[in-house]
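Okay, here's what each chain looks like letter by letter:
Protein chains: 2
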Amino acid sequence: MQTSEAHETRPTLAQVARAAGVSEITASRALRGGARVARDTLERVQEAARRLNYVPNRLAGALAGGQSRQVAVVLPSLSNSVFADVLKGLETRLEQAGHHLILGVSNYDPQREERLIAELLTWRPAGLVLAPANSTELTRQRLATADLPVAEIMDIDRPAIDLSVGLSHRGAGRAMAHYLLGRGYRRLAYLGHDITTDPRAVARRQGFEDGLAEAGVALEAALLMPGPSSVTLGSQGTARLLGGCPPGGLAVYCSNDDVAVGAFFHALSQGLSVPGDLALAGFNGLAIGQALPQPLTTIESRRERIGEHAAAGLLARMRGETVQPVDDVGFRLITGATA
Amino acid sequence: MQTSEAHETRPTLAQVARAAGVSEITASRALRGGARVARDTLERVQEAARRLNYVPNRLAGALAGGQSRQVAVVLPSLSNSVFADVLKGLETRLEQAGHHLILGVSNYDPQREERLIAELLTWRPAGLVLAPANSTELTRQRLATADLPVAEIMDIDRPAIDLSVGLSHRGAGRAMAHYLLGRGYRRLAYLGHDITTDPRAVARRQGFEDGLAEAGVALEAALLMPGPSSVTLGSQGTARLLGGCPPGGLAVYCSNDDVAVGAFFHALSQGLSVPGDLALAGFNGLAIGQALPQPLTTIESRRERIGEHAAAGLLARMRGETVQPVDDVGFRLITGATA
DNA sequence: GTGAAAGCGCTAACAT
DNA sequence: ATGTTAGCGCTTTCAC
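Respectively, the protein sequence lines represent chains P and L.
Residue 388 in our numbering sits at position 161 of the first sequence, and the numbers go up by one each step.
Residue 402 in our numbering sits at position 175 of the second sequence, and the numbers go up by one each step.
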């Protein structure tokens, strides 16, 4: 601590104990639930703590106790509302249970992800949540030997280090292929963002092509636009796509709802009818897609639930319980009106 | 990982020191920058640390050193992409500087905010960022005496506890009033979400009415919808509003872009021309508004920059520098095409 | 440039 | 039900 002269240092447990006329450890017990403490002792200690404005020092507590009540969370991005939703689910549940989040953002960069995890582990978190961004082998290895519960989220297609909470993006892609085929579409195209960094988008596309292949159908066109997904990218991408691939019974599967909404706007501004001239499907089930004049055909991804389940899984593991390694939160097709 | 039986305890600094044949303190110095350490000693220690897979324990480091390198962040919501943007700015800058975020979400509940801050302070963060949700007096008082740098963000209209980074929402509201008046609109209405919990939205509305009053104009109608802002709320609200307040030269100032986008969708589905029948303005400058077939008339709020400036301000204060108490990041009118 | 001693504020083990 | 002792793993003095 700096020696701030006039500034009386924060009260410590020792001072609370003295004020209450008990030993440090008794004060400690009293302030944590009060098991094995006499009723009036408990009250005296709490009263003293309140009077002194005592704020426990959990750095010291965690160091002495060997457990930290912080949970590290590493996400690839915050620009995408998808991860904000997951984060919300995580925060809600963990806060309820008296844990706090330390947050890192990898920007879909595996190297950065690796560094970030190493950094966050220095705080000796009680658990770690990771939405992987093509994690390096080193990262996986480190986490496997780090001796803390790890929840990998979003995706359950890949083998998990420890716990896995999410949905099968591959399955979601296939489901949409089947649905569009069922609706009678035979001219199918794919429009995506810079997919090389986003493993989930890759999985959906593969699932989609698999689903088509099962019916002997192939993509008529596929366009990958550079950069992260966005509505603008969707509009511009659609314009380019339709250049080599005229509308009229064409169905475009977009890498996610943002892109699909952009595609919808493009159709709107060009006077193309949806789904007549151009059918559209996305992924995520974002509110914006459902609020369009025509609700978007898409797949709901239950992001907040993923966060909640991941939190619950970690908490259970912290309590020493055995937890099923894979938690599939599923997905739901929203039929919408754009395909 | 599950119970690794042969689980040798994590290496400590002492072990690294021993392996390198130096004292603990020398190892400590070597691993932090290496000031006052001989060149080859430094290399030996780093090499030993690498070999042992040493992960420093910052709980211990912070406890001993009296400073934590964690920064607490309390936001009212994550559902709104606005705060995700701010968070991103914060994370980027703080991570760069070797700090980490502990996150709490208040849900616009002052009581919860109060509890959350108390909780987060137990980790002895080096600083705190707060996007206030009608903070209680107790909260303000505690922060004022907590002896750590505090950055209140979003809003600079109210007196700051310590640092204040954001823009004048009141000013933004006024600016929009002046702009709409300048465009010739005389029939003005307001459409908002449940504003009682969102102090910034309140300030914008007041500024808007002030701006109108300066020209002797009054609101023709104001409608507050229950619940948090959303596109759907915007659509439904517009439908209701137009019931008692027919279109035709009417301009609606929406509490934010989400609501305005909803209003736009409503107009679209009703065949109302924008801005002819119905002019629309929002606040935030979200990407979705600018990606509409007609870009939204709105005010850009520079959220990421707010996060970055808040981080920079805190970092400066941590270095002991004096910092100007109010940092106005300003705003920018986006004229758009909906008004 | 390096080290010895002392302690940060708390809790886990053992007492009693 | 309460207290004593001994650390947790690191960094801050202050020596040399």
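Hints in this document: simulated from the structure, not taken from any laboratory.
On a predicted model such as this, the values are computed, not experimentally measured, just so you know.
All C-beta atoms, glycine included, are put in the ideal place defined by N, C-alpha and C.
Worth double-checking, as some hints may not be accurate.
To be verified - The following label-pair restraints were derived from C-beta to C-beta distances:
# : chain 1 : residue 1 : chain 2 : residue 2 : range
1 : L       : L279      : P       : P522      : 31 to 41 Å
2 : P       : Q338      : L       : L279      : 51 to 61 Å
3 : L       : S500      : P       : R342      : 45 to 55 Å
4 : P       : S250      : L       : S250      : 30 to 40 Å
5 : L       : G454      : P       : P522      : 12 to 22 Å
Going down the list of hints, with the structure as the test:
{"no.": "1", "hint": "L279/L to P522/P: 31 to 41 Å", "verdict": "57 Å, violated"}
{"no.": "2", "hint": "Q338/P to L279/L: 51 to 61 Å", "verdict": "23 Å, violated"}
{"no.": "3", "hint": "S500/L to R342/P: 45 to 55 Å", "verdict": "53 Å, holds"}
{"no.": "4", "hint": "S250/P to S250/L: 30 to 40 Å", "verdict": "34 Å, holds"}
{"no.": "5", "hint": "G454/L to P522/P: 12 to 22 Å", "verdict": "20 Å, holds"}
Violated hints, listed in ascending order, are 1, 2; each of the other numbered hints is respected by the structure.
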